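Asker: Taken in order, these protein sequences are the chains called A and B.
Quick note: the first sequence uses this note's numbering, first residue 203, plus one each step.
Quick note: the second sequence uses this note's numbering, first residue 2, plus one each step.
Calculated from the structure, these hints are not laboratory results.
All figures in this text were calculated on a predicted structure; none of them were measured in a lab.
All residues carry an ideal CB built from backbone N, CA and C; glycine is no exception.
One or more of the hints may lead you astray.
Quick list of the computed label-pair ranges, beta carbon to beta carbon [stated by the list, open to error]:
| no. | chain 1 | residue 1 | chain 2 | residue 2 | range |
| --- | --- | --- | --- | --- | --- |
| 1 | B | Glu-58 | A | Gln-528 | 51 to 57 Å |
| 2 | B | Ala-129 | A | Gln-528 | 26 to 32 Å |
| 3 | A | Glu-256 | B | Ala-129 | 31 to 37 Å |
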Amino acid sequence: MSASPLAAGTTPSWTTLAQEFPALQQTVNGHPLVYLDSAATSLKPTAVIDAVCEYYRDYPSNVHRSVHTLAGRATEAYEAARTQVAGFIGAQPDTLVFTHGTTESLNLVAYGWARRHLQPGDEILLTPAEHHSNLVPWQQAARATGAHLVYVDLTPEGRLDLAALRAAFTARTRLVALAHVSNVLGTENPIRDVVQLAHRQDAVVVVDGAQSVPHLPVSVSDLGVDFFAFSGHKMCGPTGIGGLYGRPERLAETDPLLYGGEMIAEVDRERATWADVPYRFEGGTPNVAGAIGLGAAVAFLDRVGMDRIAAHSRALAQEAAERLTQLPGVTVYGPPTDRQALVTFNCEGVHPHDVAQVLDSQGIAVRAGHHCAQPLMQTLAIQSSARASFYLYNTREDVDRLVDGLREVGRYFGR
Amino acid sequence: MKWGDILGANLDELYREVILDHYQNPRRMGTLPEPTHSMGLHNPTCGDKIAVDLRVEDGRITDYRFSGHGCSISMASASMLGDAVVGKPVPEATAVARGFVHFLTNPTGQGAPPGDLEALGGVRKFPARVKCATLAHNALMEALAARGGRAEPH
Chain A
203 MSASPLAAGT TPSWTTLAQE FPALQQTVNG HPLVYLDSAA TSLKPTAVID AVCEYYRDYP
263 SNVHRSVHTL AGRATEAYEA ARTQVAGFIG AQPDTLVFTH GTTESLNLVA YGWARRHLQP
323 GDEILLTPAE HHSNLVPWQQ AARATGAHLV YVDLTPEGRL DLAALRAAFT ARTRLVALAH
383 VSNVLGTENP IRDVVQLAHR QDAVVVVDGA QSVPHLPVSV SDLGVDFFAF SGHKMCGPTG
443 IGGLYGRPER LAETDPLLYG GEMIAEVDRE RATWADVPYR FEGGTPNVAG AIGLGAAVAF
503 LDRVGMDRIA AHSRALAQEA AERLTQLPGV TVYGPPTDRQ ALVTFNCEGV HPHDVAQVLD
563 SQGIAVRAGH HCAQPLMQTL AIQSSARASF YLYNTREDVD RLVDGLREVG RYFGR
Chain B
2 MKWGDILGAN LDELYREVIL DHYQNPRRMG TLPEPTHSMG LHNPTCGDKI AVDLRVEDGR
62 ITDYRFSGHG CSISMASASM LGDAVVGKPV PEATAVARGF VHFLTNPTGQ GAPPGDLEAL
122 GGVRKFPARV KCATLAHNAL MEALAARGGR AEPH
């Protein structure tokens, strides 16, 4: 890393930054890889890979337990990562719980908070655009408590309908679950406005930040949310690590999801007391390497600059959306403007699996399927779609390759 | 299947002409008014669904229809399966479907499947597409395994 272009005081070009990602230095099916699936998981920079390797190689010890030197170093690195990641999302370290990712974070809220606090007849507001991980936990919590799901429809363009949301609040609304950025439409939801509406009714706001934290400067304290979930692997970090932010008063009234080692204060034969927040939510040996890797990832993203990353990914997605719209037979979903880092589309008469297969034969990786958002697919009246998503290591050349690749799809299936 | 084999695979080995023909001109697409056996299956990776309707008379498959949405591979495979099983006794039809799944999922799978189904052999080099190619076959096997009645769709 001594030759890193991220040395202090420099502003590396995007092409230079791409060289920090070893996975990009390969050909796939005879073509240089164009990776357009970062919304599923991002590539990892050398700094993150090195941090994970260093832990396993040099100080692979458990945290918060032993007194020996390596354990001390591991604990220090794990907690330093917590401080770093918390700072990255504008939170205090003791309000950040390390989880295995967005799914576990949302389940922790659904099990630990919602099941404890929801009453029969209470209402959970959400949209049909939610990822399954911000939908199924609420379905299950509703079943368990007798609460109901209330869907707030999107505008025809695919944006959150704030007027409809305002109208959907009742005296029984206890919880609002919403993505910060849609993983299909690329829309950014006005979380601050939602929080304002919800808090007027004493409803708790849970935000799925899986697609926003990697791409936007995020401050949970500015947003004012009650809970905020995100995944490390979509933001240059390792898989199996993520976080849940909770307002201190909310975390205090949340039950742990996992009981056992590491999360207790005192245990006798009949009962136990819990460790302080956030440790009470981290039962068992945590993903130490993952947390350290995520710390390295946010350090990397900070050095590049989240404002720059946001502008870059957005510009690429916007250009891709505009150029794809021009292609014969291609339908692009989502609003025409204010698009975050992704473009979801279909090619007339060609199934997305086939689109993705032909693109893969040209070394272009995109996602095809329902994107874990089947209710949204139903709303859009499609079975599935293809999605190209962009990140800091993508360039305009990648958009060119995608457009050329889709022309090839047309040729191949039009034959 | 080694990764190197996948990298060496040519797109034309997957999308043979006969597959695209079945995709664009599917045979026996639709539903049966009075099926004796039915089963609908999802491909969980993409949400695609294929339902198979069968009429079994005197232990023989006398009619077959498939319906649903899917990619070229899953739809072509469902179309080809009808040709391969109509007129066959139930055990033989089940053997066709089971043999096809084995052919695609076992690298050393012996015995080319009958009829146009053989053209789907290229799927063996694209493991991500095996689920697509076998969806109708699994639906047919499950429909027939639910003896004497309609199987509930999943």
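Asker: With reference to the structure, classify each hint as holding or not holding.
Answerer: Taking the hints in turn, this is what the structure says about them:
1. B:Glu-58 - A:Gln-528: 51 to 57 Å: holds, 54 Å
2. B:Ala-129 - A:Gln-528: 26 to 32 Å: For Ala-129 (chain B) and Gln-528 (chain A) the Cβ distance comes to about 30 Å; the hint holds.
3. A:Glu-256 - B:Ala-129: 31 to 37 Å: holds, 34 Å
Every hint from the earlier list agrees with this structure, and none is contradicted.
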